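First to last, the protein sequences are chains A and B.
Using the working numbering, read the first sequence as starting at 565 and increasing by one per residue.
Using the working numbering, read the second sequence as starting at 11 and increasing by one per residue.
Treat the hints with caution; some may be incorrect.
[As the list claims (entries may be wrong)] Pairwise CB distance ranges (calculated): (1) A:Asn832 / B:Met230: 52 to 58 Å; (2) A:Ser965 / B:Leu72: 20 to 26 Å; (3) B:Ile36 / A:Glu655: 41 to 47 Å; (4) A:Asp782 / B:Tyr38: 46 to 52 Å; (5) A:Thr962 / B:Leu83: 31 to 37 Å.
[To be verified] In silico DSS-like cross-links for lysine-lysine, where the CA-CA straight-line distance does not exceed 30 Å: (6) A:Lys645 / A:Lys675; (7) B:Lys40 / B:Lys17; (8) B:Lys314 / B:Lys235; (9) B:Lys40 / A:Lys1004; (10) A:Lys744 / A:Lys778; (11) A:Lys937 / B:Lys40.
Hints listed in this document are in silico derivations from the structure and should not be mistaken for laboratory results.
Being a predicted model, the structure only gives us computed values, none of them experimental.
Note that the Cβ used here is the ideal one computed from N, Cα and C, for glycine as well.
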Amino acid sequence: MRRKSTRLLSLFVIFAMVFCFTACGKEETEKVEMSGSGKDSNTVVVATSAEPTSLDPQFGEDTTTQRVVMQISDTLIGVDKDMNYVPKLAESWEVSKDGKTYTFHLREGVKAHNGEILTSEDVAYTVERGKASTLVAKAFAAIESVECPDDTTVIMHLAYASPIQLGYLSSPSTGIVNKKACEEMGDDAFGRAPVAYGPYEVVSWDSGDKITLKAFSDYWGGEPSVKNAVFKVYTDSNTAAIALQNGQVDVLLDVSTADVATLEANDNVTVYNGDSLIAFHLHLNCERTPFNNEKVRQALNYAIDTQAIIDAVFDGVGAVKMDSFIPKMSMSADMGSNPYGYDLDKAKALLAEAGYADGFECNILVTSGQQEKMAQVIQGYLQPLGITLNINVYEWSTLLSIVETGDYDMTILRIVAMIPDPDLSLYTRFESSQVYNFSKYYDKDLDKMLEEARICPDEAKRTEMYLDINQYLWDVIPTVPLCFTTVINAANAELNGYHTDPRGFVNVCELSW
Amino acid sequence: MLKYIAKRVLWLIPVIIGVSLIIFTIMYFKPGNPAQLILGSEATQAEIDALTEEMGLNDPFLVQYADYMKGLLHGDLGTSWRNGNSVSAEILSRFPVTLELAALSILLVCLIGIPIGVISAVRQYSVLDMVSVVTALALASMPSFWIGLMLMLLFSVQLELLPPTGADSFINFILPSITLAAVNLAVITRMTRSTMLEVIRQDYVRTAKAKGAGEVRIVMKHCLKNAMIPVLTIVAIQFSNLVGGAVLVESVFAMPGLGTLLVQAIRSSDTPLIMGSVIVLASIFTILNLVIDLLYSVIDPRIKAQFAK
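I would like the entire structure built from these sequences, with the hints used as guidance.
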């Protein structure tokens, strides 16, 4: 009997030892301390709601990935607060009259993280790499060939005029990589710790937990003030908000609207609210009755009070009304305002004119959470018209397959423009051949206008074209434009230099304590 | 004995085949295209088609399955579709956190639940019995993320005693393990209580009492081991559940664990990662059951005698 209990005891002791070893092992790897960085003026901890898939610039075209990539890899062109193009790795550039030739003059003596100097070879290599990548190919699609007449000159020949190309060249997915390092390391290792020309370099990446960066002392723009940057994953927004108030986190990028009031009341925290490039549309299936009738679509625009949606779903702070199909930050022009507006009588009149005075029954496809809430508000507003809206909630991939079959009446979809260019807020939703044209709106005239605006090299003329498209969309109204969301960030009140970026980014090298 | 262990370990093979086939079939027939999910809502049809082809998603079911199993035979769990990392590396990196969390939680559950269960049984219908039962049930009825958030608000924000998030050192595990323990306490307490009650009613206990043995000696020497067998089974099941299922708590406390990995993989329809995680979890469960069965023989000499035959 004594043997049995000693055996049990020894099992327990082994268990406890293994336990302690795993606990101790973790502690030793913590070199960069994360304790409340207000006390550590060299570190900024950024909370992000998801983890990047890879740090390779040519591998990530989603916001989460680009947020971190932009600290590590500089692009040829940058943008300032107002989304105007400014020089970055390229000191200056010229665009030919026909818009098909771009000449970039690179800065001299720009060092990569491994000490190598930037040459036109690295740019050509990046372009080639990007074109081969299935994920970011569209950022380089227009570029047919790259010429390197000398070390600091890059000439890009485009297959067609593509004004958005400058925009793409300011996006982190075209971040320039160091050719030598990339070839030596191989794509996999490079994706974990890329060698590029940005203000920060990768120290470590704890999968699912955090990415640690340190300032690059030989950065061409001067060593950043913040020496260490940590991007930590917080999937729960409540936890992130608590961490920010506690000082464990210094910048919170995805602030939930429910936390805004609490954070604003906290003296240690400053809440920033700015324009975004994201819009929500209620897509009406224009291939089905009654939505193929323009009057019905107009009636719906008069029937739904979008301010109610903004108040109910976004707590009044997370979204603003849509006065155009194009976000403000994508085009500096007076785009007029929404010709519709909440007017129940007009809605009823139009519906009667269309022959549906008694309303009708229809369904809406949504994902759970935010979209479901929006659908509920809409349901309430359609009731007085006699329209019964059935809300069907599906998981995203299932929803996509239903949309493919076309068996639905309405659905809600948001559109995220990764670059402040009007094309990105229009093309994929309203052009006939697009997968995500959830309104199933097929209009050859609109297609032509969209195609022409895409390749118009004259900036003033291009703006005119988009103003026309905007007006045209208000006339044919294939959707009910619901709202533009806002970018809400929160940061430690002592942090200087912070401002929101419509793309949802933070530029750590601009910050200081 | 060794033959028995070897036989049980060999059972792992049909388990893995069965699990992988079921999961693979489900993922294959699930609506939606993983390539489309990866590319996001601004992709064109051409891009989606290109990536679908590149990922081998157009191949027939058996071809895709055979490819996967071939890799599995070589110990290669494949690469994640979402970020191209090796699946085994991803899972291994989450292991320390998950194991530590699950182990600490189960330890707390046993240390608190079993004694309370024993005392409740010995002092049936006493105040302690009633209070412990009600408390355990109340805790089990509360959502784990709520308990976690409340604990965080109290101990981290108001009292500033413990760190709210992260998995850096042992201190970070205190609140999450308490949260997980609270939710799982009820089952162990109740189970211990009911098995102890059964054992106490046995004749040999009455004999021992008649012999004049003290209460503590009776409980510890005669009753406890017999009552532990069913309880151990439940503990093993709970531990396996915690290894893969502590998603909510991991999310609230921002801990990079296996549960979060699995949920993320499901959201992105990342088949290799889902397959790898589920296979690993199924294997852990199988091996854990084996360990518990062996522990039975340590506790109960009648079971040990079976092996000696």
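Hint check:
no.	hint	in the structure
1	A:Asn832 / B:Met230: 52 to 58 Å	holds (54 Å)
2	A:Ser965 / B:Leu72: 20 to 26 Å	holds (23 Å)
3	B:Ile36 / A:Glu655: 41 to 47 Å	violated (55 Å)
4	A:Asp782 / B:Tyr38: 46 to 52 Å	holds (51 Å)
5	A:Thr962 / B:Leu83: 31 to 37 Å	holds (33 Å)
6	A:Lys645 / A:Lys675	holds (26 Å)
7	B:Lys40 / B:Lys17	violated (35 Å)
8	B:Lys314 / B:Lys235	holds (14 Å)
9	B:Lys40 / A:Lys1004	holds (24 Å)
10	A:Lys744 / A:Lys778	holds (21 Å)
11	A:Lys937 / B:Lys40	holds (26 Å)
The earlier numbered hints that this structure contradicts are 3, 7.
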